[in-house]
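Asker: These are the residues of each chain, in order.
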Amino acid sequence: MTRRQLLLALAACAACALLPLVVQKDYQLNVLFRIFLFAALGLAWNLVGGFTGQLSLGHAAFFGIGAYGLALFHGKLGVPVWPALALAVAAAVVASVLIGGVAFRLRGPYFALATIAFAEVLRNVAKNLPDVTGGDVGVQAPPLFAGAISRSFYFAAVGLTACSLAVTAWAARSRFGYYLMAIRENEDTALSVGVNATRSKVSVLAISAALTAVGGALYASLFLYIVPDQVLAIDISNEIAIVAMLGGAGTVLGPIVGAIILETASEVFKNVFHEAHLLIYGVLILLVVLFLPEGIVGALKTLRRRRGKG
Amino acid sequence: MDKLWSGVQAVLNGLLTGSLYAVIGMGMALIFGVMRIVNFAHGAFMMLGMYVTYVLYERAHINPYFGFVGAALLLGALGYLIYHGLLRRIAERSDFMQILMTLGIALILSDGILLTFGADYHQINIPLLDKNVHLGRITLNAPWLVSFAIAAVLAIGMFLFVMRSSLGRALRAIAQNRYAAPLMGIDVHRVQALSFAMGLAAVGIAGGLLLPVFYLYPGVGDQFTLKAFVMVVLGGMGSIGGAAAAGLTLGVVESLTSLYWGNEWAIAVDFAIFLLVLSLRPAGLFGSQRV
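Order-wise, the sequence lines are chains D and H.
Just so we're aligned: the first sequence equals residues -17 to 292 in this note's numbering.
Just so we're aligned: the second sequence equals residues 22 to 312 in this note's numbering.
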């Protein structure tokens, strides 16, 4: 990391820390929470989807395990909240090893389909085991913070984003990260030069799952009540992937940019266009695919490279 | 004995439901299996087919068992336009982009329908719905028998199209090698556009046939998108007949699951089978192709 980047990162942290002095309304803080939450989730997804090139469309599984883990370990087994959070994260890591073990034997769209299938199996199991999960009715999640709730959750989301960003920055320049990118570019070539592809992929999915599970637990704890169709829904998986791809899959800052734009846009669309907001959202996706296939940060990078040459 | 008969009844009901799944799956087999377009809007297109048939019935009083032709024509035309307007432009890019694009199309379709028709559930009522055919202790619902017959004709037609017609042969050539095919004088985009149109026409027909025996709301297609993928993978990529067989299998499995475990487990069982097959036999149950 260069000195300039370090200074920029510190300045960004300071700005995020000072933001609640200006923004004090709960609604606005909750919108900011959502932006940072999805920035963190997008960054976590990006490790697998962007750097390693494995398009997961089942990250709702880890999000949901984080949410349900917190709720069930605390509510059903009486574990205190913070250890319950840790157990939820551990559960997500275990699940990621199981999912990775099966899904990583598959490539391309098959991998994506397998991840969706896992998330859907979990959602249906959660719906159909009312004694354990509360079923369709849902279950209560414990509050992680007391007092100044909106602000605390905002800070927690910022912290999670910073963590995810640090992991991403490390992955972008470490040996491990180069393994991942080699797998993305050509898995067979990577194998032939001695990269243990399966271990690298399972490890990165475990890291991604852990971060995603923390996000899910934060979400559950802010809303205090969760149902399967909300925290284990395909929509969550899609939104996480779209945030990262809109900003630029495989770039360090892409998912943050994507989260800021997409979450702000969907909040504005919801308020202005009401029922038409998904239509506008769909059109936005089409425009990105047609005109910004590398995402926003990716397109800026290409533009800068061309300028440098010209 | 009663247990046995209820089992037989469930298997037969499953085959009837499965025949509609088969039509959905065959459309997807053409689009995803043969053309390799990862179509996450498949269910949304089916939903559109249902609404077209619904409008024809409500406004023009056309029986859905004729109205599905309208749905097929409209979706076929839409498929042709979408291929040339959108999918063709990203033909050379990664699967990522196709997934994103078709997700976008699905959102636009289902929200467009929501804005036009509202979120209410609809159901149509035609006299055929109350008719049953009795065979000893087995009772079969007449509309399902009609749709089974139509699905069977369609399945044979599609199979012959892909295996026998020159367009079908060109399509398989593209699937084998998309770089060599144009060198043999095949107009890749023309063939792909027509096949995509045909895949959507099939799912439009499935929608039309499903309308009388199901209920209608803007999100009705969502559950069928994943099922369609499941069928294509179970059937073996690129195999139209395999997808049809997988459709029938899913129908029976769901029907038996409902009978012995309860309806709510049907989807979970579908996906569990899907994962099991993917991990043990990635070429699919009925396929021989390597993935």
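One or more hints might be untrue.
To be verified - Listed next, the stretches of chain D that the computed footprint assigns to chain H, with coverage defined by at least 3 CB atoms under 8 angstroms from CB atoms of chain H:
{"#": "1", "stretch": "153 to 164"}
{"#": "2", "stretch": "233 to 247"}
{"#": "3", "stretch": "270 to 283"}
As the list claims (entries may be wrong) - Just a few of them, taken from the derived set where beta-carbon distance is under 10 angstroms, the chain H residues facing chain D:
{"#": "4", "residue": "R80"}
{"#": "5", "residue": "I111"}
{"#": "6", "residue": "S115"}
{"#": "7", "residue": "D116"}
{"#": "8", "residue": "I120"}
{"#": "9", "residue": "G125"}
{"#": "10", "residue": "G157"}
{"#": "11", "residue": "R185"}
{"#": "12", "residue": "L188"}
{"#": "13", "residue": "G206"}
{"#": "14", "residue": "V290"}
No lab work stands behind these hints, which were simulated from the structure alone.
The beta-carbon is built from N, C-alpha and C at its ideal position, and this holds for glycine as well.
Asker: All the hints need checking, so say for each whether the structure fits it.
Answerer: Do the hints match the structure? See the list:
no. : hint       : verdict
1   : 153 to 164 : violated (count 0)
2   : 233 to 247 : violated (count 0)
3   : 270 to 283 : holds (count 4)
4   : R80        : 23 angstroms, violated
5   : I111       : 6 angstroms, holds
6   : S115       : 8 angstroms, holds
7   : D116       : 5 angstroms, holds
8   : I120       : 7 angstroms, holds
9   : G125       : 3 angstroms, holds
10  : G157       : 35 angstroms, violated
11  : R185       : 28 angstroms, violated
12  : L188       : 25 angstroms, violated
13  : G206       : 29 angstroms, violated
14  : V290       : 9 angstroms, holds
Of the hints listed earlier, those the structure fails to meet are numbers 1, 2, 4, 10, 11, 12, 13, in rising order.
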